[in-house]
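Visitor: The lines below spell out each chain.
There are 4 protein chains.
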Amino acid sequence: MMTNLDLITLGRACIDLNSVEINRPMEETKTFSKYVGGSPINIAIGSSKLGLKVGFIGKIADDQHGRYISKYIKDVGINTQNVIVDHKKHKTGLTFTEIKSPTESNILMYRDETADLYLEPSDIDEEYIKSASSLLISGTALAQSPSREATIKAARLAIKNNLKLIFELDYRPYTWKSMEEVSEYYQLMAKMADVVIGTRDEYDVMENIQDGTQLDNQRTITELFKYNPSLILIKHGKDGSFAYTRDGKVYEGSIYKTKVLKSFGAGDSYASGFIFALHKDLPIETALKYGAAASSIVISKHSSSEAMPTEEQIKQVIADGEVRFDD
Amino acid sequence: MMTNLDLITLGRACIDLNSVEINRPMEETKTFSKYVGGSPINIAIGSSKLGLKVGFIGKIADDQHGRYISKYIKDVGINTQNVIVDHKKHKTGLTFTEIKSPTESNILMYRDETADLYLEPSDIDEEYIKSASSLLISGTALAQSPSREATIKAARLAIKNNLKLIFELDYRPYTWKSMEEVSEYYQLMAKMADVVIGTRDEYDVMENIQDGTQLDNQRTITELFKYNPSLILIKHGKDGSFAYTRDGKVYEGSIYKTKVLKSFGAGDSYASGFIFALHKDLPIETALKYGAAASSIVISKHSSSEAMPTEEQIKQVIADGEVRFDD
Amino acid sequence: MMTNLDLITLGRACIDLNSVEINRPMEETKTFSKYVGGSPINIAIGSSKLGLKVGFIGKIADDQHGRYISKYIKDVGINTQNVIVDHKKHKTGLTFTEIKSPTESNILMYRDETADLYLEPSDIDEEYIKSASSLLISGTALAQSPSREATIKAARLAIKNNLKLIFELDYRPYTWKSMEEVSEYYQLMAKMADVVIGTRDEYDVMENIQDGTQLDNQRTITELFKYNPSLILIKHGKDGSFAYTRDGKVYEGSIYKTKVLKSFGAGDSYASGFIFALHKDLPIETALKYGAAASSIVISKHSSSEAMPTEEQIKQVIADGEVRFDD
Amino acid sequence: MMTNLDLITLGRACIDLNSVEINRPMEETKTFSKYVGGSPINIAIGSSKLGLKVGFIGKIADDQHGRYISKYIKDVGINTQNVIVDHKKHKTGLTFTEIKSPTESNILMYRDETADLYLEPSDIDEEYIKSASSLLISGTALAQSPSREATIKAARLAIKNNLKLIFELDYRPYTWKSMEEVSEYYQLMAKMADVVIGTRDEYDVMENIQDGTQLDNQRTITELFKYNPSLILIKHGKDGSFAYTRDGKVYEGSIYKTKVLKSFGAGDSYASGFIFALHKDLPIETALKYGAAASSIVISKHSSSEAMPTEEQIKQVIADGEVRFDD
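Residue numbers (the working numbering), protein chains in the order written: chain A, 1 to 327; chain B, 1 to 327; chain C, 1 to 327; chain D, 1 to 327.
Take these hints with a grain of salt, some might be off.
In the BS3-like style, the derived pairs of lysine-lysine whose C-alpha atoms are separated by at most 27 Å in a straight line are [said to hold, decoys possible]:
(1) C:88 / C:71
(2) B:226 / A:191
(3) B:89 / B:74
(4) D:74 / A:100
(5) C:160 / D:164
(6) C:191 / D:130
(7) C:191 / B:30
(8) B:88 / C:89
(9) D:315 / D:259
(10) A:100 / D:259
(11) A:226 / B:130
(12) B:257 / B:238
(13) B:89 / C:100
(14) C:191 / C:280
(15) B:53 / B:30
(16) B:89 / D:88
(17) C:88 / B:89
(18) B:74 / C:100
(19) A:88 / B:177
(20) A:30 / D:30
(21) C:100 / B:71
(22) C:164 / D:191
(23) D:89 / A:100
(24) A:191 / A:257
Okay, the calculated bits of chain C under chain D, using three or more residues with CB under 8 Å as the criterion [claimed, not checked]:
(25) 113-123
(26) 139-152
(27) 246-260
No wet-lab data here; the hints were simulated from the structure.
C-beta: ideal position from N, C-alpha, C; glycine also.
Full structure from sequences and hints, please.
Guide: Have a look at this one:
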């Protein structure tokens with residue numbers, strides 16, 4: 001029998017290889033630590049750690065990295081009934097990270113022929129989707145066929161079965177063929193979704209804006225509220241975030257002081273905290289705080305997945321107004 | 001300045017090579033006659049001949065066949081402002097036809113690396129689309145990237161600019177990677193359209209039905225009317241057609257007696273007649289007659305494009321209740 | 001049991017679609033006649049008509065065109081034991097011809113995803129090759145994998161089994177990725193062959209010459225005679241041909257007066273006549289005459305395959321010193 | 001001006017990521033150490049460390065890994081005049097190694113869209129090749145176009161300019177499309193080479209043997225000595241090696257006792273020692289000892305490149321009859 005799940009996330013589950021030696025270019029590092037990574041699996045891990053019942057839909061390579069991922073996510077309590085093992089020799093996606101300084105991090109991604117992009121429409125199980133109350137789609141799952149069509153199918157079934165459809169733009173400039181291609185699929189998915197989450201830069205990609213008129217949240221929400229969305233979250237990095245609702249309300253969220261080790265992982269932890277709070281029916285103002293607090297914790301640590309906080313840690317940051325360090 | 005157009009059709013403009021020697025397998029034919037062909041360009045030709053102001057959006061090969069098409073469609077009065085010439089050595093699609101008997105025709109299609117499937121999102125001109133009152137999308141234009149994304153963009157711009165969006169399913173089993181892929185994109189487009197046109201078989205493809213429960217028009221219209229469509233035409237070949245409207249009405253159309261030379265071209269001429277009548281605000285009952293009459297004329301002749309009838313010929317068939325032949 | 005064959009040719013067997021209306025651009029033609037075409041199958045047809053026992057190695061599409069080819073070549077007496085039918089929906093190659101004037105002909109080729117280029121190494125049967133005394137390789141069979149590797153394998157087995165290996169450069173600028181790629185494979189094959197046949201332009205392609213120093217036959221033969229070849233034929237169009245032998249001899253051949261209808265087909269008929277004469281142990285001077293006579297007959301006719309002459313016709317042209325026409 | 005080089009190696013320069021935690025499956029490791037890796041670059045490093053003047057021909061990714069490789073090989077003294085930086089976003093090949101036990105090691109390779117396989121014929125500089133006395137080709141460089149054609153061109157130029165051509169079979173079951181494809185290119189290259197080096201398993205791949213008649217060195221040398229090779233080295237792992245010369249002599253080499261940490265790197269170090277000794281005109285018996293000694297040192301250490309021995313270390317092992325460890 002199917003468990004009832006609070007949330008299913010769909011997309012990639014990959015390997016992060018984080019430079020052990022930090023504050024230097026990758027050309028000078030010698031050692032890498034291995035973690036599970038990738039936006040939708042990170043959000044699954046983060047939400048699960050916060051207490052939601054979470055499932056994951058994705059395709060995983062039939063190799064040592066794939067088996068590592070599979071075991072890790074089972075161990076943290078994620079439901080893996082709709083995790084498919086690829087049998088066509090596709091690879092696990094890799095992200096090498098380089099921490100040059102607290103403000104300058106780079107990534108080097110391996111995204112050619114990765115198993116996650118070979119998720120097929122026939123891999124998507126309507127019964128599994130039906131068992132959940134919300135489905136989160138990662139934009140990167142739309143980057144290539146057949147994952148693109150599998151993702152469109154999952155969204156269609158979510159709508160048919162009355163799940164809340166959450167679209168995390170999660171834009172990565174790999175495997176897409178043109179900016180216009182990104183833009184068309186992002187608009188298509190955003191208009192179908194109930195909740196849309198992304199950075200201002202990602203909304204600009206969705207709108208295929210290249211004319212310097214960025215930062216126009218009003219334009220974005222005017223267009224999207226003509227269609228299905230009821231809640232739109234636009235993140236402006238260290239300048240905080242804005243949540244807009246269909247009834248015309250605007251909520252502004254700020255960030256918490258922390259010691260930044262690296263910037264990546266910020267978005268996934270934000271999404272985990274924000275979505276968790278929404279599921280608990282906390283007010284949007286509180287959801288923005290949960291997102292910001294989770295994010296401020298993760299960017300002070302070395303990994304993006306293992307560093308995901310508990311609700312107690314989040315509450316502590318909110319109470320303290322900053323991340324405290326013992327030193 | 002832009003002309004005001006009644007209709008733009010989008011998709012392929014190809015070459016038909018019809019066996020001159022008929023009533024035998026192609027293995028025994030020696031000669032082929034050349035015609036312009038392909039569902040959306042045929043509908044453009046047919047509608048234009050009936051009197052509509054028609055434009056075409058498509059990509060055409062930079063070769064002798066492409067130049068033949070380009071000249072032919074200009075000569076019959078189609079607006080070609082948004083016809084793009086490919087400069088990457090893609091080919092003109094070909095359809096060899098084989099007329100074994102009046103009831104058994106086959107086609108042999110060349111659809112690899114054809115110019116029409118290389119239509120790009122950046123080729124789509126919003127100003128051009130804005131100049132028309134309706135846009136007809138051919139399902140085959142969704143069969144492969146980048147034409148797929150160009151088609152999605154055109155549909156998006158049609159909706160944005162309040163054109164009537166017509167989706168002709170026009171299913172051809174080439175270049176698609178799986179039946180599930182067809183099904184997802186067909187559902188996506190059909191739900192966005194105002195008018196959906198196809199044969200019962202094509203709706204089955206859209207619904208990815210392989211369980212023998214075909215012929216269930218009720219299931220089809222129940223699902224589609226949850227979304228945008230207001231008029232759905234389902235054709236059942238020699239058993240006639242059904243038009244369904246959002247307000248619950250059903251219209252049944254029959255066919256006209258004719259001497260069948262070959263079956264292909266039936267759908268394109270039907271669509272031309274039907275759409276022309278809708279544009280002239282004729283009742284749906286009459287539109288069904290116009291479609292059936294146009295179709296009965298074309299299937300008695302050798303080509304699909306040059307055989308497209310005038311309104312007078314259509315009215316004559318309707319008046320006579322059959323196609324008359326001088327013999 | 002295997003027949004003993006004089007010659008096996010390897011490569012493509014395609015369809016020519018020749019404009020029925022001549023002396024005009026293809027944009028103004030309406031009708032095409034269908035013939036079997038493609039250099040190696042034309043040479044097989046021509047040699048067979050002259051009296052050699054000929055086999056063909058190639059992959060043929062599982063469609064109406066493929067079946068037409070298969071039947072045609074069997075009917076003219078070619079051994080088809082190693083003709084493979086493709087079952088992966090690849091196409092028959094097509095060549096539309098356009099005869100603008102006796103001196104200006106063009107072709108429009110369809111070479112994407114053609115069955116002949118999917119000949120695989122495992123399709124090559126050593127026993128079949130062993131049954132022949134010579135193997136003719138068409139350069140176009142090297143244009144793409146896996147046909148490229150199948151061709152290399154066939155050449156290897158011909159050498160191993162002491163067949164005479166004939167390399168017809170037959171350069172077609174399709175499906176090759178770069179001129180350097182052509183050059184490397186052409187050099188590789190030419191150095192392995194016993195007999196090399198091509199036009200001066202084709203040898204320039206082999207040598208990747210782009211500096212205006214063409215027409216240097218001495219350079220070509222000096223290089224090739226360091227390796228395996230013992231006979232090199234270089235054709236200079238209407239300026240005649242030169243045959244060079246390893247022992248330092250040079251033979252010059254001229255052409256015969258004719259009424260030129262179109263230029264294509266000249267090379268295949270030349271090769272048929274020349275190779276036939278070599279098989280009959282006629283002197284090289286006579287082989288050059290056989291080639292030139294066959295060529296002068298074919299270019300006065302509409303097709304390239306059906307027009308292939310008999311030995312009597314060739315002897316008549318040689319005796320008359322020109323092609324005679326009844327008019 | 002060009003330096004005079006003793007040896008140029010051609011092929012891939014990649015990154016090895018060796019599990020820091022050993023004697024366990026990779027699923028249980030957390031940390032990886034980074035090294036330069038790949039057979040031809042390892043042989044370049046090993047030969048250079050032994051004292052040869054060595055150059056490398058290869059294409060390197062324009063990313064952090066590529067820059068690491070480039071700097072590393074310059075620092076160890078390899079001439080990099082013909083090392084090309086890729087500007088089309090191809091990747092650095094990766095090899096994750098897993099040391100389960102001294103006798104069970106596995107690798108997990110990333111070979112999709114790697115820069116080394118995009119070496120183009122036009123990247124090959126005849127002047128550079130001319131500057132060396134020998135060229136070593138890695139079989140893996142033949143695995144895919146355009147690297148395949150670039151490699152064929154380099155071999156052609158080596159022959160033309162009288163370099164000693166060494167073919168290291170170096171078979172890796174990635175990116176090849178079929179075993180027959182491997183077999184054809186391996187035979188082609190082996191027949192052109194002066195020296196052929198490989199394991200018995202690799203010769204079986206070259207001969208496309210799947211019938212259990214392996215271990216037949218006689219068959220291998222009988223065939224190859226019909227063509228160009230004058231020296232053939234066949235390695236049988238822990239059972240030692242055999243060197244065969246054209247004049248019919250056979251030399252048998254054994255291995256040196258060592259503490260095996262992992263098996264990979266054995267072949268590259270063997271080749272380095274063997275080729276170095278040949279260059280120094282040492283007898284073949286000694287060359288076999290140099291190869292075995294170098295190999296016994298490298299398999300006792302963690303990396304394959306940095307562990308390459310000096311000539312003194314090799315002489316010490318030969319003198320001692322085993323690898324000595326201080327413990």
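Visitor: Give me the numbers of the hints this structure contradicts, sorted from smallest to largest.
Guide: 7, 10, 15, 24 and 27
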